Amino acid sequence: MTSSPLEPQILENAARHLQAWKYFQIAACVVLVYDHILTFSEEVERVWKKKITGVSILFLINRYVTPLLFIVIIDAFDDPIWTRSVCNRFVSFEGFSTVALIAICEIIMILRTYALYGQSRFILIPLMALWILQLTSSSIAMHAGFPLSLPPGFVGCIFTGSSTLFPAVWVTPLITDSVIFPLTIWRTRNFIKEHKNTLTIYIFSRDGAMYFFIIFLA
594 MTSSPLEPQI
604 LENAARHLQA
614 WKYFQIAACV
624 VLVYDHILTF
634 SEEVERVWKK
644 KITGVSILFL
654 INRYVTPLLF
664 IVIIDAFDDP
674 IWTRSVCNRF
684 VSFEGFSTVA
694 LIAICEIIMI
704 LRTYALYGQS
714 RFILIPLMAL
724 WILQLTSSSI
734 AMHAGFPLSL
744 PPGFVGCIFT
754 GSSTLFPAVW
764 VTPLITDSVI
774 FPLTIWRTRN
784 FIKEHKNTLT
794 IYIFSRDGAM
804 YFFIIFLA
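Going by this note's numbering, the sequence shown opens with residue 594, and the numbers climb by one from there.
There are no misleading hints in this set.
Between beta-carbon pairs, the in silico distance windows are: (1) Ile701 / Glu600: 46 to 54 angstroms; (2) Lys642 / Tyr616: 31 to 39 angstroms; (3) Leu604 / Val772: 42 to 50 angstroms; (4) Glu636 / Pro760: 31 to 39 angstroms.
FYI, nobody ran anything at the bench for these hints, they're computed from the structure.
Note that the structure is predicted; figures quoted are calculated from it, not measured.
Beta carbons: idealized from backbone N, C-alpha and C, even for Gly.
All chains, full assembly: derive it from the sequences and hints.
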């Protein structure tokens, strides 16, 4: 038996949602590259001209691998050359590379919080335990993902999932950020009250708030 054709209204809605998702990916990539351009001079001064450390390596991986992954994902969304078999293999790479990059970003945020609290182990150990839980949960959830089945004529290699485990890919980093954010605000609040290096602490607080709310809204 052949499957019955989809109703025009269903196809129209599917096309609209697919197009919106493609625009979202392009917009995210443009904003990321624009941010890189705006902050490149600071990067040169504060990273490239300084001694290379483990933290700076993590920063550079997150800084440059992420836009490269975006470019590949955008191509997979729009290029009809991506066959079903190729897409099946690619979504696994896309999923686990996304988990890895998110984990790197979280490590940077954890180390930043650790520094704010005077390198306190009472801060580092619980946050690292939470990070390990996040990484484990996200990796397990990745196995529940698969390529999105699209109607004939639609183009796109898109990673999705229907299992109740799949949202853990995005929920667990949000939980980690929801712990880091109040810790950052609390510590910077105390520093500002004491008038200690107010500009630097203000930047910590501002960037932490912006990062949290962008991740939360996404």
